[in-house]
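**Q** From first to last, the protein sequence lines stand for chains A and B.
Using the numbering used here, the first residue of the first sequence is number 1, and each one after it goes up by one.
Using the numbering used here, the first residue of the second sequence is number 1, and each one after it goes up by one.
The set of hints was computed from the structure by calculation and includes no laboratory data.
You may find that some hints are simply not true.
A pair holds if it fits inside one copy or across any two, identical chains being indistinguishable in the list.
[To be verified] Calculated lysine to aspartate or glutamate pairs in the EDC-like style (CA-CA distance at most 20 Å, straight line):
hint, residue 1, residue 2
1, LYS78, ASP3
2, LYS55, ASP86
3, LYS55, GLU81
All figures in this text were calculated on a predicted structure; none of them were measured in a lab.
2 protein chains.
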Amino acid sequence: MIDLLICYDVSTQTEAGRRRLRRVAKICVAHGQRVQNSVFEVSVTDVQLLTLRQKLLEAMDVTEDSIRIYRLRQPREKFVEAHGLDQYVDFSEPLIL
Amino acid sequence: MIDLLICYDVSTQTEAGRRRLRRVAKICVAHGQRVQNSVFEVSVTDVQLLTLRQKLLEAMDVTEDSIRIYRLRQPREKFVEAHGLDQYVDFSEPLIL
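So here's chain A without its partners, still in its complex pose:
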């Protein structure tokens, strides 16, 4: 699996922008989770990456928005640190509720 970080820059001042953000969020969350309002961590196969990229390109407005996709280093716990509100849930660990 390939671990990706997807950062989506969109103006949420307009309803159209908020709609695109919801659409992008839905596409990303199908393969991972939302860690910030417009930042997502996803895990995909090579084939899924092709579909994911295609869907993102269709959902975004290329003349107004920006999407950046970073391949994350493994293991992710070692190369990411979070401060403040942390929305990440490690689904590979047992959930303590």
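Got chain A; can you put chain B on it based on the hints?
**A** Leaving out everything else, chain B in the frame of chain A:
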């Protein structure tokens, strides 16, 4: 040098939030560049990372905002792709104006 991606999640609905974003942007841009409205790519030494982290923690509101710091894979060109508006400038290449 360590290449980092810094994602800052802050509500820009309030003047206080916008002020914190400006402050965080200023701290990050001293070591790199703003690639999206609240996403920054920076390069720092181990020692600079300590100061940078400290400054970010002081600038953010830990009860309201989120900052995520990712160590990027090298070479960055190979592991990042940008779609739509791209604000990144490769300062290591000759600038063609």
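**Q** Can you name, in rising order, the numbers of the hints this structure does not satisfy?
**A** none
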